[in-house]
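Using the hints, position chains D, G and H against chain L.
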Amino acid sequence: MLLASLPFYQLLSFLLLITFGKKLSWQLAAIISVSSMALTVLASTILLFELSASENQILNVNLWHWFDLNHALGKSQINLSFYLDGLSAVMISVVSGVGFLIHLFAAIYMKSDENFARFMAYMNLFIVAMLILVLADNLVLLYLGWEGVGLCSFLLIGFWYHEKNNVLAARKAFIVTRIGDTSMAIGLLLLFNSFGELNIAAVTTLVQQSSHSVSGLSVEQTNNIYWIALLLLGGAVGKSAQLPLQTWLPDAMAGPTPVSALIHAATMVTAGVYLIARMHDIFILSPEVMNYIAWLGAITLLLAGIAALAQTDIKRVLAYSTMSQIGYMMLALGAGAWSAGVFHLMTHAFFKALLFLTAGAVIYALHHQQNLFKMGGLLKKLPFEGSLFVVGLICLMALPGSSGFFSKEAIIAQLWSSNTAGPLLWWCAILGALLTSIYSCRLFFLAFMGTARFSDKTHSEKNILLRSALIILALLSLFGGLIPLDLTLVFPTELAASIPEILEPSWLHTLAILTPFIGILFSWFYFKKYRTSRVVGSEYNLSASESRLVVFCRQGLGFDSLYSLLFIKPYQWLAEKNKHDVVDQVIMLNAWYISLWHDALIMMQNGSLRWYLAAFGLAIMLLLGVSFL
Amino acid sequence: MTTIPLFHVLILSSLLFLIGFVGVVARKNTLFMLMSLEVMLNAVGVAFIGAGSVWQQADGQVMFVLILTLAAAEVAVGLALLIRMQNKYRSLDIDLLNQMKG
Amino acid sequence: MFENVASIEGLFYFAGLVAVIASLKVVTGNNTVHALLYLVVSLLAVAVCFYLMGAPFAAGLEVIVYAGAILVLFVFAVLMFGLGADETKNAPKSKSLANMMGAMLLAAALLVEIVVIINNAEMQQSLQANVISSKAVGIMLYGPYLLAVEIASFLLLSGLLAGYHYAKPDATGGDL
Amino acid sequence: MADILWKLFEITIIIALLIPIAAMLVWVERRMIGIWQDRHGPNRVGPFGVLQSLADLLKILGKEDWIPPFSDRLVFVLAPIIGAMCVLMSFAVVPFSPSIGVSDLNIGLLFFLAMASLAVYSVVLAGWASNSKYALLGGMRAAAQTVSYEVFMGLSVMGVVLLTGSFNLREIVLAQTNGWLIQSQFVGFFIFLVAGIAESHRLPFDLPEAETELTAGFHTEYSGLKFALFFLGEYLGVTLISAMSVVLFFGGWLMPEPFASWLPPLLWFIIKIMFFVMFFILLRTSLPRPRFDQLLKFGWVVMLPLALLNLLVTAVLRLTGVL
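Chains as they are written, first to last, in our numbering: chain L, 1 to 629; chain D, 1 to 102; chain G, 1 to 176; chain H, 1 to 323.
A hint or two may mislead.
[What the hints assert, rightly or not] Now the in silico label distances, taken between C-beta atoms and shown as ranges:
(1) H/Leu317 <-> G/Gly138: 17 to 23 Å
(2) D/Leu70 <-> H/Gly165: 26 to 32 Å
(3) G/Phe14 <-> H/Ile271: 39 to 45 Å
(4) H/Ile271 <-> G/Gly138: 33 to 39 Å
(5) H/Thr212 <-> G/Phe14: 35 to 41 Å
(6) G/Phe14 <-> H/Gly165: 30 to 36 Å
[Stated by the list, open to error] Below, simulated DSS-like cross-link-like pairs (lysine-lysine); rule was C-alpha separation at most 25 Å, straight line:
(7) L/Lys172 <-> L/Lys75
(8) H/Lys63 <-> G/Lys168
(9) L/Lys462 <-> L/Lys374
(10) L/Lys462 <-> L/Lys380
(11) D/Lys88 <-> G/Lys168
(12) L/Lys569 <-> L/Lys172
(13) H/Lys133 <-> H/Lys63
(14) H/Lys133 <-> G/Lys168
(15) L/Lys569 <-> L/Lys381
Honestly, the hints are just simulated from the structure, not real lab data. This structure is a prediction, so every number in the text was calculated from the model and none was measured. Here a beta-carbon is modelled for each residue, glycine too, at the ideal position from N, C-alpha and C.
Same shape as in the complex, but just chain L (with noise of 0.2 Å):
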């Protein structure tokens, strides 16, 4: 039962807000909206311990039966019920945990909005949502969550919808990750139709039936298994801004700086981590498309972090960066390192939070600058925020020791002797946590050493519980990496075990460590300028960088180009050709058929008594002309 209530504090809380939301005090609508995260938070605990105490380790519950499905092998049932394992375990203690974090950050640094009360009801649902994805027990359940984050995420890019960037870029997110979702969705019916269940457990259980007996999976069927892996890819990608549809995510950074943290780095974006996690049974029996998750992630990685060392935009660096770390996520899935990309996500979760709320409170002491430009100089200006982004920042090149150390060394371990992975992209990932590394720090140059290159007096919030909530999620960015996760039931044993022949090298382990420190000491020099800038008469002697290639990688490696240049204007120059719409046109031959007729009858109802009598007699006429005949 209690698991049945999870999401359900914050559907009433998002009610009310979203009912009375004008008349509320900044008071009462920020201790409903947190009150209510507490709550879960609270519910959340316990069902951790209750799921611990059972003995399969899963919590079912089924509120009410929603409709059936038929198919030919038999009719489907899909109810409004929620399923707790490991897994989604990991998943609602991250939402949970971090959203209320975040939504007691968010209270405070929302304070002077004056839409402030639509902000939390936002944020409240959000949550509603990715608890009913991340708890669905089956997969038209975990749609709707799906698609109700896809939602919130666009209503809380264009929260300030008055600015026009805003709304270009919510619009841009949701028609983006719409693509992924139709796949998706496409992927979600052939699997219907292929199985005849959409039951989470059901289909899994299906699965490892069909492939463990002795006849094998038919041809048909491994043929749409692999089609399936592939469209449910496509939602994850859309999702989760991995190639080729991470466009969305720099661009969503226009939202509230906790919406950021929250959905765009946090919770929402792993969701098509978890989809896949989730499905991993399918992925499995499919190693081509596991191979191809691995590369995605891979080539994402590898061009996030280069993208993100030539961002001027605080919060854009965090954002590539997120896609960089998505995509190692992507990379242990792909390698069949499951438990490995969730731990992955769970510590990233928490450090990249932790960075974003800094980054927030940064930009918010700056009187909402980010351009990294006009920082410098920080760390003596603000030592909490500073002190604070530098631990979200080592966790993030995961030095040895915090908590992106042990789910990066995981990931990177497990790569080169997976049998979906291998050397190559093992290196890719050495080369990612190279660049993640040299971004950091350029980073963290930029913004807080040096001299200050604005004028403005900075004003940092003093809230107690604003800086509660970030010493909390600096600890647990921290010390995460040591919370025992044990996965084993949820997933099975790792692959790399099966193909011992594939040697790995003694020194794999110490360059994976020592890649960072690399990293660091690479830039140290290389960012000199950065870190001792000086005033030189008025101006500031440091400015971005205008060379074709760093524009180049500044705006995303030019996919929104390539993309205009590919679907947009095409699409545009369709559209012109098309003005009048040949299809409408075909549509509106009724609308023309009818109002062919209407000018007919228009012209008979003249007005004209004696025009009506002529028709009067015409119809006497041709109706005695019949009786005749």
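Just chains D, G and H now, kept in the frame of chain L:
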């Protein structure tokens, strides 16, 4: 003792009716339209009386009496409207009344 | 006997011819009062037809009510409100028969149809027409047709009220 | 063929008698008015001025038969003819005596009413065709008056029809063998008389030609023979109404038994008619002319309900067997 064929009576009736019809349709003067209407009603009366006399039933004349009352009522209302129209438009042109333009 | 019958038939045809010609004059006329006079002639001719068809009562009513009352009403209206002139503003200049061409064609087509239909229905067997007394008509009226009589009386009443209401000058009438 | 010839002869005789009678009535009227108004009246032409009418006739015939140029010629000529024709036609159904009478129509009463209602066209059309104000006003008055009074004229005689069960005037007369209908239909008679005066627009209901207001009303523009025709129509109308009163309410040519054998039926009939003609003349001398609205109001408000009431009572009494 008359042996006027019903056929001829009906021919007379339809002739009168159609003359009236032509008048109603072709004339623009409302007064003439009303008169033509009387011709038409009259023609119907001829048909009724003729049929009644052929079948030796009084019903034909009964119907004629009813037509007569109808004509009286119609003329009362029609002439009143005509007078209204004359007062308002200073003309009896029926085409002036087509203010409902489709 | 034959001669007598023939003369009655002849009278009928003559009266019918008069009626048709007078009606034509009504329809094509320009002078309102002349047209009304022709209408009276037409009605009288029709009354003669009625009489010849064995319906003297109807003939009497035709003259008394139609010619004597209804058309006098017409004449009265024409005199009182100066409706004499054919004030059709939109009328074409020439008032020849060509203007009525469309309506006449329509009517001619209708006539042909009607004639064919009447001819087709084998209705033209001549029956001996005896005089139907006004008593029989009265019995019918106050017997099976009582309801129709009542309805007709309501019709007359409503005609009276409507005529009174519409013909009233605007100034004297309040909102109805 | 002989039948038809005999009928034509009869018609000729009757018309030949009626027209002089009407002419004589002019003299009678003027003479009687003179007596009642305590003066002489016409007394120069012939004994007691008997030939006065002849002299008038000659004078009228000698006058120019002028048709006003502003008039509608056709209708102007037609109007007096219609008037005289209608009255003369009405005489066709009047049974003068058991053997004399032009037509024995079975709807004789209806025929009389029809002709009476057609007679109004004469006046109305004369008024219109003259194209002058007085004439038009006279014509309109005539139309309104005639249409109004015609309604209860018809209703008043329906009591007679109820009691006799026939529209045939000859049968109506015969039905009064055992007593004139005036006994039971005195209300009907009164209404019929009033309506008849109005129909023939005699004084006091001569508003269409009220000299004091409308010069000469509808025949302002008329002169000569056409004027004579109007006069003929008027005096024949008086005779007709008298004749109809006699036929409908006073037993026609019938007389109670002791008197019946004294004179032939035709003479009795003429005597009765003369009595009513005298009565009309007496009315003219003694009553003032009402206003036109009073006339119409009197008709619709008093006479019409009275006629309906009379009809209703007669019907009830007839059904209960009292009559």
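Now the hints, each set against the structure:
no. : hint                              : result
1   : H/Leu317 <-> G/Gly138: 17 to 23 Å : holds (18 Å)
2   : D/Leu70 <-> H/Gly165: 26 to 32 Å  : holds (29 Å)
3   : G/Phe14 <-> H/Ile271: 39 to 45 Å  : holds (42 Å)
4   : H/Ile271 <-> G/Gly138: 33 to 39 Å : holds (36 Å)
5   : H/Thr212 <-> G/Phe14: 35 to 41 Å  : violated (47 Å)
6   : G/Phe14 <-> H/Gly165: 30 to 36 Å  : holds (34 Å)
7   : L/Lys172 <-> L/Lys75              : violated (39 Å)
8   : H/Lys63 <-> G/Lys168              : violated (46 Å)
9   : L/Lys462 <-> L/Lys374             : holds (23 Å)
10  : L/Lys462 <-> L/Lys380             : holds (16 Å)
11  : D/Lys88 <-> G/Lys168              : holds (13 Å)
12  : L/Lys569 <-> L/Lys172             : holds (15 Å)
13  : H/Lys133 <-> H/Lys63              : holds (24 Å)
14  : H/Lys133 <-> G/Lys168             : holds (24 Å)
15  : L/Lys569 <-> L/Lys381             : violated (47 Å)
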